[in-house]
Amino acid sequence: MTINYKTVPSVCPYCGCGCGVYFEVMDGEVVGTMPRMSHPVNEGSLCIKGWNIHEFITSKKRLTDPLIRKDGSLKAVEWDEAIQHTASELKRIKEQYGPSSIGVLCSAKCTNEENYLLMKFTRAVLGTNSIDHCARL
Amino acid sequence: MQELKDKVTQALKEQTLDGLLCLKSSGGYILPCIVTSDNIADLDSMVIGDERYPIATILSAIVAKQPGKTIGVVVRGCEEKAIIELIKSNQVDANRIVQYGVACSKERAQLCSCEVPYPSEILAGTKVEGVSDNQLLSKIEAMPSKDRLSFWMDQLGKCIKCYGCRNICPVCFCEDCAMEHDDLVPTGLVPPSIPSFHLIKAIHMAGKCIDCGFCEQVCPMNIPIRTIYRKMGLVMKEVFDYEPGLSIDERSPLGELEKGLEAVAEK
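Quick note, the sequences are listed as chains A and B, same order.
Under numbering that gives the first Met the number 0, think of the first position of the first sequence as 0, with each following residue one higher.
Under numbering that gives the first Met the number 0, think of the first position of the second sequence as 0, with each following residue one higher.
Just so you know, not all the hints are guaranteed correct.
[As the list claims (entries may be wrong)] Incomplete in silico selection of chain B near chain A, CB under 10 Å:
id, residue
1, 26
2, 28
3, 35
4, 65
5, 68
6, 135
7, 137
8, 156
9, 160
10, 166
11, 217
[As the list claims (entries may be wrong)] Cβ pair distances, simulated, as ranges:
id, chain 1, residue 1, chain 2, residue 2, range
12, B, 25, A, 99, 52 to 60 Å
13, A, 115, B, 67, 49 to 57 Å
14, A, 27, B, 105, 34 to 42 Å
15, B, 36, A, 28, 20 to 28 Å
16, B, 192, A, 115, 36 to 44 Å
17, B, 261, A, 10, 44 to 52 Å
18, B, 66, A, 88, 50 to 58 Å
19, B, 246, A, 131, 53 to 61 Å
20, B, 137, A, 129, 30 to 38 Å
21, A, 14, B, 250, 42 to 50 Å
Simulated from the structure, these hints should not be mistaken for lab results.
Glycine is no exception: its CB is placed at the ideal position from the N, C-alpha and C atoms.
Just chain B, with the same shape it has in the complex (with noise of 0.2 Å):
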């Protein structure tokens, strides 16, 4: 911890950073909050504690809002992927960002069931082995298809059509949401239109998804949505060999088949 602090009071000192994004601790409360070097005392009450905040979706708010800054940012295994994809996206500014890696605790990553617990490099914080929780996912596939069509009918069912899994989805930006959309989602029902209201939301998930695990997180009815995503996840990785929030340079395939599609509609 001493390492990171040290290392981003000297770059906040010498200018080569605006600011930090980070979580602290404050009057019982951790939340997310920007560390300039007019509040460099406030690194004293930095955490990296096992709350999580979605700081790749901050980042990115604060990064469009102030242009010309350079912003450093605390991350953690998960919060690195989104920030990939969102560059990938043009979401974010790679030249505008600096990262600074922390291991999650083995308590947080079981209550993630976290694959990968830790970013690239580790600046504070102990690696600790992944978790590995496929449970549900094999369960659900070793019903008769009757059976699954019926579970996921009767849990997307729960839906209180809150939009918590979008709005704390560190990959979902578009400013034009299919799932806000009339013809798609006809207002004023809940549960909303299912199952597509929550289709709509795993197809654009393929290839995009990081499993972060925060729309579970946030949902108030526990639906097991992430499920899903991971199902996407795992057909990308053996139809497409791919993997999102691992390189940058890596396209997703589906943005090569944009590609096709415009080469289509060309001819």
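Same shape as in the complex, but just chain A (with noise of 0.2 Å):
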């Protein structure tokens, strides 16, 4: 069998700085990050969050599936499940309370595009200005 190595180039996921990175992948599996050094953004640097992408790749903590609380335990649904129940909830307590009652809070590892879109949902959807991001948890 022959060496199944390479690096591939990509961008971290974690916030919103844009580090370069190469994945090392090993027989088709990520092994290991490392910086890219010329990469105009981190130059040659990571944090430790950077350092360590490759671990949640294929962390078992991972959610995979869309999940509702029922009976009192998280189980596994289908998206239009979830998407039906979140948007009625989200409906009735605007109703029951005011959009006062509800914040949203968005997150450095979206996309910009998400993440306006997001806003857009929050003040014009929602009603309401209290939308933050990650960083301030």
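Two chains, two separate frames, one set of hints: put the complex together.
And the structure:
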């Protein structure tokens, strides 16, 4: 069998900086992360999160399905059900307690466009200014 | 460069080599890769350019995961030294690697302030003179000890505990790292407990550090950590007349010390 090792250029997904990384892939498995030395953002450096990105890719703790709490415990459900449930609950809470009762947290792991969309949704649809990002948690 | 490519091509075709670890240029990136007989044409995009990656560390990971394979590796001066240290520490089997030496450019030597920017045999690149820069060390040594301590506490206090200096270090390979030990380095603190966090690594570097400068190169906070290891190196040289990375046969005096301790323990 031939030696199967390669490095794949990517961008760190943890925050908005966008540091350049290489993933080390051996026999189809991502086994390491290293900084891209001439990347204009990080110039060869990474923070502790960036150095360890490869660990979460295969983490058993990763969410793979949407979950809804039913009878006190989280149950995996289909996306349609999850979206339907979220929409009707947000609607109910807004009607019952007013828009100010809802707050939204977005994520630096999302794209600019996704975060823009969430901001629009929060202000225009939910009708509240209470939106913030994960770095404030 | 052609000589290097010809040698590797021949070795891959004759199957004396199963693969070559080198840097290649692809889509605007310089990246570490393995060239095998399946993708021999990749040798055309091989570079020995100015970008530096932890080749010795990658080599030791590949050798560990590919039992029975013989792996070629394109090495700079520092990487040759690192591989010598890895062989001495039983991290790489010398019989399973073939080294192809390349000389670094003047620019690279200056960036790294490298005293010996070439390996023992050179197949590509032009040998240039080394750069000796001990300005910071002399400056620090000229300080009164009180100022010296505050200099280092200020510098080490910048640390964001990314572990980059350890991750990139070609001679750091312990699976159980003292820098992650809860009793020595309490979790959840930034900066980590100083100066002990950095001194743990400094002590481990005595008789091992080959002064490649990778630790400083990847430090996001520009801490002149290499200066500490350099001083350790100078002490090793003065006291024990020992320099790591030069010979596979010459063992670190600290390794010998370990033997002495075992003897004491036996008694």
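Please check whether residue 66(B) and residue 88(A) have a Cβ separation lying inside 50 to 58 Å.
holds, 56 Å
A closest beta-carbon separation below 10 Å is what the hint needs, so does residue 26(B) meet it against chain A?
holds, 8 Å
Interface hint for residue 156(B), Cβ within 10 Å of any Cβ on chain A
Where the cut-off is 10 Å and the nearest Cβ of chain A is about 17 Å from residue 156(B), the hint is violated.
Could you check the hint for me, namely that residue 192(B) and residue 115(A) are 36 to 44 Å apart, CB to CB?
holds, 42 Å
A range of 49 to 57 Å was offered for this pair. Does it hold for the Cβ distance of residue 115(A) and residue 67(B)?
holds, 53 Å
Holds or violated: 52 to 60 Å for the Cβ distance of residue 25(B) and residue 99(A)?
holds, 53 Å
Quick check on residue 135(B) please, does its C-beta sit within 10 Å of some C-beta on chain A?
violated, 20 Å
Taking the CB of residue 137(B) and the CB of residue 129(A), does the distance hold inside 30 to 38 Å?
Roughly 57 Å apart at Cβ, these two residues miss the hinted range, so it is violated.
Interface restraint verdict for residue 217(B) against chain A (beta-carbon cut-off 10 Å):
holds, 5 Å
Closer than 10 Å between Cβ atoms is the bar; does residue 65(B) clear it against chain A? Give me holds or violated.
holds, 5 Å
Less than 10 Å between beta-carbons is the criterion; does residue 166(B) satisfy it with respect to chain A?
holds, 5 Å
Given the range 42 to 50 Å, decide if the beta-carbon distance of residue 14(A) to residue 250(B) lies inside it.
holds, 45 Å
Going through the hint list in order, the structure does not satisfy hints 6, 7, 8, 20.
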